[in-house]
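Take the given structure of chain A and dock chains B, C, D, E and F to it, following the hints.
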Amino acid sequence: MVEIVPRLLKDQLLKLAEKNDRIDGREQYQRRNVDLEVNVLTNAEGSAKVVWDGTIVYAGVKFEIRTPWPDRPTEGSLMCGAELRPVANLKYEPGPPSAESIELGRVVDRGIRESGCINMEELCIVPGEKVWGVMLDIHVMSDKGNIFDACALAGIAALKTAIVPAERFDVGDDHPLPVSKLPIMASYRKVGGRFVYDPCEEEELGGDERVHITLGDDGHVHSLQKGLKGTFSTSEFAEIFANANEQANELREMVEEKVN
Amino acid sequence: MVEIVPRLLKDQLLKLAEKNDRIDGREQYQRRNVDLEVNVLTNAEGSAKVVWDGTIVYAGVKFEIRTPWPDRPTEGSLMCGAELRPVANLKYEPGPPSAESIELGRVVDRGIRESGCINMEELCIVPGEKVWGVMLDIHVMSDKGNIFDACALAGIAALKTAIVPAERFDVGDDHPLPVSKLPIMASYRKVGGRFVYDPCEEEELGGDERVHITLGDDGHVHSLQKGLKGTFSTSEFAEIFANANEQANELREMVEEKVN
Amino acid sequence: MVEIVPRLLKDQLLKLAEKNDRIDGREQYQRRNVDLEVNVLTNAEGSAKVVWDGTIVYAGVKFEIRTPWPDRPTEGSLMCGAELRPVANLKYEPGPPSAESIELGRVVDRGIRESGCINMEELCIVPGEKVWGVMLDIHVMSDKGNIFDACALAGIAALKTAIVPAERFDVGDDHPLPVSKLPIMASYRKVGGRFVYDPCEEEELGGDERVHITLGDDGHVHSLQKGLKGTFSTSEFAEIFANANEQANELREMVEEKVN
Amino acid sequence: MGGYGDVELIAKDGKRLDGRLADELRPITIEVGVLPAARGSCRMTWGLNIAEVAVYGPMEAHPRKIQRPDRAVLDVRYNMAPFSTSDRIRPGYNRRSREISKVTAEALESIVMVEMFPRSKIRVEIEILCAEAGTRCCGITAAAVALADAGIPMKDMLVSVAAGKINDVVVLDLDKAEDNYGQADLPVGIMPNTEEIAFLQMDGDLSPEEFDLAMEYNMKAAKEIHKLQINALKSKYDGGVE
Amino acid sequence: MGGYGDVELIAKDGKRLDGRLADELRPITIEVGVLPAARGSCRMTWGLNIAEVAVYGPMEAHPRKIQRPDRAVLDVRYNMAPFSTSDRIRPGYNRRSREISKVTAEALESIVMVEMFPRSKIRVEIEILCAEAGTRCCGITAAAVALADAGIPMKDMLVSVAAGKINDVVVLDLDKAEDNYGQADLPVGIMPNTEEIAFLQMDGDLSPEEFDLAMEYNMKAAKEIHKLQINALKSKYDGGVE
Amino acid sequence: MGGYGDVELIAKDGKRLDGRLADELRPITIEVGVLPAARGSCRMTWGLNIAEVAVYGPMEAHPRKIQRPDRAVLDVRYNMAPFSTSDRIRPGYNRRSREISKVTAEALESIVMVEMFPRSKIRVEIEILCAEAGTRCCGITAAAVALADAGIPMKDMLVSVAAGKINDVVVLDLDKAEDNYGQADLPVGIMPNTEEIAFLQMDGDLSPEEFDLAMEYNMKAAKEIHKLQINALKSKYDGGVE
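Protein chains in written order, with the numbering used here: chain A, 3 to 262; chain B, 3 to 262; chain C, 3 to 262; chain D, 4 to 245; chain E, 4 to 245; chain F, 4 to 245.
Okay, chain A solo, but in the shape it has when bound:
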């Protein structure tokens, strides 16, 4: 992907930052409008659609029965994939997954996996023989900024609404997938010299490094990722770390409301 650094945009963002303003008029830590819908895909066992301003993401959950790994005979598995497909923006080109796409998928995966929200032991059907493999796929349909948070939100909401299709596989009754926690990601971008929350498309184009923080229900951190060229100080990080907790709590409430 060609990186075109629009000098004029960078200057504009810098001037706005000096006045503590943003290109779309938001405050430094203000989120855009977010809408979450669940059970939107007939053929998925769990699904969610996130409309995060102009960013649109679908997530779907499928199940398979597999043989457990020999060293963990009583554990199922979770696979989480998120791909940057060319449908989502002019800038994404067809071809094998780019490094950007791989990073997105792995960061979203770690946030969900490391929170421990799914107890892998509960996915066991017959120890050593049959366990559930949970496959969460996240599909970005429109990228107008901050797809990381939108993907993470759609992903956990889809898992939270998923029904294990035990009847179809002839291994008991259908039942909800046990998801005990709601990890939430909050993403920050350095724009005009200071970090802002929930960057929009222009802020991503004219901004510098980004930081992704995934927090659990208890405020513990489960995943961090710094992306792109750029550096920051520990005090800068401490400030956004604190803000991330607030953002996560608000979004977690939204998920809880929608899935129940």
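Check each hint, because a few of them may be wrong.
[Unchecked claim] Okay, the calculated beta carbon distance ranges per label pair: (1) E:Asn234 x A:Ser100: 52 to 58 Å; (2) A:Ser100 x E:Glu27: 36 to 42 Å; (3) B:Asp37 x F:Ile69: 37 to 43 Å; (4) B:Leu16 x F:Pro156: 40 to 46 Å; (5) B:Lys17 x D:Asn183: 46 to 52 Å.
[Said to hold, decoys possible] Straight-line C-alpha distance at most 30 Å; calculated BS3-like pairs for lysine-lysine: (6) E:Lys105 x F:Lys230; (7) F:Lys158 x C:Lys231; (8) D:Lys179 x D:Lys124; (9) A:Lys12 x E:Lys158; (10) F:Lys230 x C:Lys231; (11) F:Lys158 x C:Lys17.
For the record, the hints were derived by calculation from the structure and aren't laboratory data. In this text, a Cβ means the ideal position worked out from N, Cα and C, and glycines have one as well.
Just chains B, C, D, E and F, lined up with the frame of chain A:
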């Protein structure tokens, strides 16, 4: 593949069409000379070579024993591959299969498969355990126009002469592969504004859309495919559909003669 | 890979050859300094590092338990891979293995395999059920000429020091991999019109065809390969064939010294 | 086609398992401008199928070798989301999706005024989010609307629809069960004003008479679907429906 | 992280299985100029880890589309040799190595004076020859030294090191066993002079307090490792150590 | 080599299983101009082997980076058809076919007057339709004829042939069974006029004396095969045989 539309050639073809003439002097629905030879490849269990004027195609059949799909425990399988390899023409480049190559393979496959010429139940050895997998590979060696029809013809002739190598696999006596029907493809190209049968190389280069029709012994249609940019009316189609039946009958006779 | 034929370098090499001199002052059949170290990699079951002047190569051996091929139920297997990775020289680019890389791997593999140094029957654990798969990987870290000989040397030395990890796989006691012979490769390059042994980087850049000879303990030849554009006469070949024997004997002594 | 003619798919009263008559379509909705990042977009639901299409361009075609000196090329991708089917699909293009992408591109090139944009490329991204038989028709029909939404000049609209055969009866618009046990499928792409055919595939078994009836059903249905296309475009641009 | 908090990794006297204290590093050696074909190179052993890094360039960046008009790009490959781990690894890049290559490149671009070489490319090849937990930190730290050895101008050195959590205790520099059964891992890349952070990842579970302690351990360790980097470079260029 | 020296392949009368003497070739036929789409072509049968070769060019070499300023490059592909062997081969190039393609190209570049066509490319497509041991020799020998048929200027013809060892006896031109249980294989490419060697491979086990005998057999056979090459070319261009 670069598409060079030779304007002069197009003009020439248009003028010829106005006089109901063709670049090689044939009539609108006249076929070039076609020669079919069977059992030409020692290591294939069935084989055929088609010399369709300057277009040359080999087809070979191999067998394997496989486990049937769980939902169809008494059925074997047919795999049919045709590849546009760089040997066949200056215009074909090495690399992964092009969209053109994939289309060729799938259209030839559908014509044979959908005719029902092979009863998949007759490929069962032990229900739920062992069935025959039939693998038909078609190799285009020289492309001077109309490889679709040449591939389809070589393919069905190779199947028709194939011997199931049961002895080598220790599952009974060798016996002919049961092939109950002879699906035949007829291909048309819009050249100078009207459809012609069996386009030659220049007609393909300077022509527009193409239509491929596969017909069974009883005149039923088993596969249709329109390719390339261009449109046609239902009455245009009705005319070539009727002609296709005549062409198929002639070629079917040739196959019957050669394989018995 | 772009091949830049440096005309000036070719001229210089030709003039040197006329005086029977080489660009680094060596004689026609003189080897550069070679150093061999074994057991250098903790996680490999056998390993070696060859520092052949500026050319540096690591080799490591791993084992797996696999099912034998049905037609050879009492034989294990040896897989030998050598890859030209971009770390080794500015001229190697990332991407799928080049033809050069494939040739290197296959020539090194044949030299070792065809010498019969490993009796595949001795890799049998349970006939028809479990055999050892030996996986030798050779990693070129720095290429300053003659990587073929360096890879072959590192490869056989790594095998010769390998311990079969039977305990870890629960199939008996750990024991040395039985390696009964020491095949050694000697490589020649036509430079300025005559063959020289052990070409350096400049000689490879400005030279013509190359010949690789692998010889066993008894002076029998196990593998030959001519590479690149160029021809030679039988008498030219006879001379380097005779020399190869001397080179192989010297290097074989070095291996024997280091591994015991 | 599955070709299992012995599964009963039509009741004695002539109605199909979901209550439709032989020449009746499944319910269809069309919405435009649904993907903010795209220049034009369309969401279509057709029975349980869901397709969303984004259009980008015209833009310079690269790599160079795909450029045509006299027209634009359509770079079309048909893709099924991993969760769109009963069994998960591995991400990435397979042979089926590459063939569908090719014939879809050729159909759309037949209606887009490609001569207006030499050396350029128009990207059409068709994503199938839920698949229940008939996704290629759904994708083509939605793609034509998305191209119109993007303001790309076109000679005519394009409607794709399929008729088929079940229990030896020709019917319109096979659903999942009908497709699994059906005997033939005839998807076409029709220009509703000229009635010309820009897309045609077929597999299975049809007598010439059955073929004619299937084409008749398709023609009639194309007119119906065309109205829904027009309404969707109007409701965006005029703020109301026909 | 494995997350098996019930495997005892810290003895009653506070010492870890290999005898280290909570904030103690494994033994480290650094050597420069080890790969004759490269413009700059570095070999680093860190515990049982072995990484060797080659730097090539700056050279013209191609293909053209990766060129940046205002700076050099770093083309970084992190690769584990097939024999570097207990089970053999198939050669070639996987998703993990591609992500590590990306974040490593971005960290190094933050310290290299990339503006000095517009339109060019600097190749950094990180080969892990033996892997025992912490290879990405080892690779980044060695790569920074190899860049310096190649004479590439840099704003500051870069040190990467990780703290983590085992048995609910924050510790520095997890080894293989600790990584397998650990509860968190926080690798960072620190510019030793400014204390700025150029690389940051983390997975597992850390309370805010645990996070602060882990960062404190990392900062202190970075200073120690930085001395070893300087010594290695000095011993090559001055012919002696500090 | 299989290396199973205990399978009896030579009878007491010194004859091989198919009745040949030690230095006898299998039957060979050569035909030129067999592929109408190609500029030059050749069909060769050698025992049960069938190879057909097409030559295209010289044409501009692209992509640019494969161009050589002072000569043509030969773009050679050796490919085995899926049905050419007892067990079906998956289509596409594997490591074996890529190595054979490389050494074949290098052998042919040694005889073609490549200096006459700077910056250009000559495509040589070798298709093995039936394989019964010795396909690389068959492909190289046929490719040289196809190049001549295409009118490409050459310094000399090229003949490839192999001798080997079975039951501890050196023999010429191993067939399938002999190859499976053989002890050595020495394929060479010989310029029949100068007796220079342009292609050489070998695997197995040969003493220096055995090697010399095998080379002697190869040299003699190359002269025989060269006559067949000449006859095939003459019968096309002169309308008759020598």
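Quick rundown of the hints versus the structure:
Under the hint 52 to 58 Å, the C-beta atoms of asparagine 234 (chain E) and serine 100 (chain A), about 39 Å apart, miss the expected range. Distance hint for serine 100 (chain A) and glutamate 27 (chain E): a CB-CB separation of about 40 Å, consistent with the stated range 36 to 42 Å. Range check, aspartate 37 (chain B) to isoleucine 69 (chain F): Cβ separation about 38 Å, and the 37 to 43 Å hint holds. At roughly 41 Å, the beta-carbon separation of leucine 16 (chain B) and proline 156 (chain F) lies within the given 40 to 46 Å, and the hint holds.
Between lysine 17 (chain B) and asparagine 183 (chain D) the beta carbon distance is about 51 Å. The supplied range of 46 to 52 Å therefore holds. Distance restraint check for lysine 105 (chain E) and lysine 230 (chain F): the Cα-Cα separation of roughly 60 Å exceeds the 30 Å cut-off, and the hinted pair is therefore not satisfied. The suggested pairing of lysine 158 (chain F) with lysine 231 (chain C) holds, with an alpha-carbon distance near 13 Å, which does not exceed 30 Å. With a CA separation close to 35 Å, the supplied pair lysine 179 (chain D) and lysine 124 (chain D) exceeds the 30 Å bound.
Annotation: proposed proximity of lysine 12 (chain A) to lysine 158 (chain E) holds, straight-line Cα distance about 22 Å (limit 30 Å). For the proposed pair lysine 230 (chain F) and lysine 231 (chain C), the alpha carbon gap of about 25 Å is at most 30 Å, so the pair holds. The straight-line distance between the Cα atoms of lysine 158 (chain F) and lysine 17 (chain C) is roughly 26 Å, inside the 30 Å bound, and the hint therefore holds.
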